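*Asks:* Sequence:
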Amino acid sequence: IPCIDKGCIPSDLDCQLPIDRYFDIEHFLDEMHKYEIQTEVFRENWRYILLFDEDYPTGPFTMDLIEPHIAATHDRIDFDVNNLYVMRSFCTDLGQRVNLSHQPFLIDLEQIVQKIKQKQFSILRPLDDIMKVRRDKMIARGWIQIGEEQNYIPPPKNKSKDKFVVTEVPKSSPIYQLIENKMQTIPNVKVQQLVQIRNPGLDDVYHSMKNLISGQCVNNNANELYLFHGTSADNVESIMEMGFDDRYFSSDGLY
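Going by our numbering, the first residue of the sequence shown is number 13, and it counts up by one from there.
Because the hints were derived from the structure by calculation, they are not lab data. In this text, all values refer to a predicted model and were calculated from it rather than measured experimentally. Keep in mind that the hints are not guaranteed to be accurate.
Claimed, not checked - Distance condition first, Cα-Cα at most 27 Å in a straight line; then the derived DSSO-like pairs of lysine-lysine:
(1) K183 with K202
(2) K129 with K144
(3) K202 with K144
(4) K222 with K175
(5) K127 with K149
(6) K194 with K222
(7) K144 with K183
(8) K194 with K144
(9) K131 with K149
(10) K144 with K127
(11) K144 with K131
(12) K183 with K149
(13) K149 with K129
(14) K194 with K183
Can you make the complete structure from the sequences, with help from the hints?
*Replies:* Right under this line is the structure:
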């Protein structure tokens with residue numbers, strides 16, 4: 013499998029193969045030959061890896077052609093500046109691979125393009141060990157991280173049936189360590205697992221109320237704080253669907 017020093021060539025091409033038609037790799041190589049582009053193919057179960065112009069001044073660089081059933085599951089993103097794509101026959105029009113037009117992100121195309129021009133990026137996944145390596149590589153290439161790490165969680169796939177989705181928070185992430193340290197102040201408490209809930213309906217309500225409250229505060233500071241809501245196991249599902257309810261609060265609750 014070809015591997016290029018990212019310090020010299022920091023980018024490659026990732027392409028999603030079409031799901032509605034057969035992809036003929038031999039025909040693709042014939043087209044590359046017309047442009048005198050030297051191409052070598054490496055095959056894995058879920059993708060083709062193409063090495064272009066290995067021995068030419070224009071290269072080398074690589075491209076991944078990802079099988080459609082694999083690419084369709086890529087609903088998580090690491091950096092906002094990695095979220096752009098172009099479609100075949102519409103290469104002058106940019107799009108967002110993952111829709112970031114809803115709270116709490118509201119990142120549009122123009123913002124992403126401007127940040128790329130200024131070599132700035134934001135992190136949209138928990139900062140686990142893998143993300144720390146990816147972040148450090150970006151910084152080593154002269155990019156600047158903007159803001160604190162956020163955790164983008166895709167909305168439910170079946171919105172008519174599911175109101176929320178739950179993802180596990182890595183133990184190495186700062187938010188996990190912060191909450192674990194807070195919980196350790198309670199005698200005999202041990203954190204077994206930390207998950208984050210994404211309920212788009214509640215997200216919209218929360219951020220609307222936050223904006224309203226911020227407008228009534230000095231310097232638009234809503235003084236947003238963390239809330240601990242202990243409760244019994246029977247009420248966990250209700251909190252995920254309906255939000256917090258202080259009628260079910262319990263200082264002895266495990267959830």
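*Asks:* Run through the hints listed earlier and report the numbers of any the structure violates, in increasing order.
*Replies:* none
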